[in-house]
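Peer 1: Residue-level listing of the chains:
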Amino acid sequence: EDQVTQSPEALRLQEGESSSLNCSYTVSGLRGLFWYRQDPGKGPEFLFTLYSAGEEKEKERLKATLTKKESFLHITAPKPEDSATYLCAVQASGTYKYIFGTGTRLKVLA
Amino acid sequence: AAGVIQSPRHLIKEKRETATLKCYPIPRHDTVYWYQQGPGQDPQFLISFYEKMQSDKGSIPDRFSAQQFSDYHSELNMSSLELGDSALYFCASSLTGRNQETQYFGPGTRLLVL
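Top line first, the protein sequences correspond to chains A and B. Position 74 of the first sequence, counted from 1, bears residue number 62 in the working numbering, the numbering being contiguous throughout. Position 35 of the second sequence, counted from 1, bears residue number 47 in the working numbering, the numbering being contiguous throughout.
In short, the hints are calculated from the structure, not lab data. Ideal Cβ placement from N, Cα and C applies to all residues, glycine included. Please note that the accuracy of each hint is not assured.
[As the list claims (entries may be wrong)] Here are the simulated distance ranges between beta carbons:
1) A/His62 / B/Ser91: 40 to 48 Å
2) A/Ser7 / B/Thr30: 27 to 35 Å
3) A/Arg19 / B/Glu63: 16 to 24 Å
4) B/Leu124 / A/Ser12: 32 to 40 Å
5) A/Glu46 / B/Pro73: 38 to 46 Å
6) A/Ser7 / B/Glu26: 43 to 51 Å
7) A/Pro28 / B/Gly96: 17 to 25 Å
Pulled out of the complex, with its shape left as it was, chain A reads as follows:
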């Protein structure tokens, strides 16, 4: 069965304290892996798409990487406005629907 697991469930960082979020997945074949940011009561906001192992994408303080079994979202020198829930989703081969992980709730303290 296709599955996505994110860790940690929650993370508190001081402003400027870099860290990484993990997304582990098991799918029959990976079409794509996607990272989103979600603020409370709002729709997921697209961050990155990764298609193959070894691929990396970067945007401001965020960097996403992908291996054959997991993806990392690295946050460098975070700011309070980076506080949100970060969702990982995968698409398995043969389908376009997303399977989401349960997310990591990030809180960055000033």
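Go by the hints and put chain B onto chain A.
Peer 2: Showing chain B alone in chain A's frame:
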């Protein structure tokens, strides 16, 4: 840039009533997806449509139905509402094709069933 539009943004219904949620995809996107997100949970896939045909089906109750119209907007119809249907309902759209599978989400419709 234009985003996905959902209406209404908030909806309050009584048990056993019906509700209709609407979704207007990003212009030129050909695929629409519906997700349900309960409190503190991740979004769960309900159903999707590609070029007005159902393309995939997830954990959508038989009480729910959906369709995509000729202008590509989609409607999710929910009947015999139950308390457990209270959730955020998101619509997402994409332009299906090689390396274009990214889904863009709307702001959601918050449904409260009393």
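Peer 1: It remains to establish, for every hint, whether it holds in the given structure.
Peer 2: We went through each hint and held it up to the structure:
no., hint, in the structure
1, A/His62 / B/Ser91: 40 to 48 Å, "holds, 46 Å"
2, A/Ser7 / B/Thr30: 27 to 35 Å, "violated, 46 Å"
3, A/Arg19 / B/Glu63: 16 to 24 Å, "holds, 19 Å"
4, B/Leu124 / A/Ser12: 32 to 40 Å, "holds, 34 Å"
5, A/Glu46 / B/Pro73: 38 to 46 Å, "holds, 41 Å"
6, A/Ser7 / B/Glu26: 43 to 51 Å, "holds, 45 Å"
7, A/Pro28 / B/Gly96: 17 to 25 Å, "holds, 21 Å"
In this structure, the one hint that does not hold is number 2.
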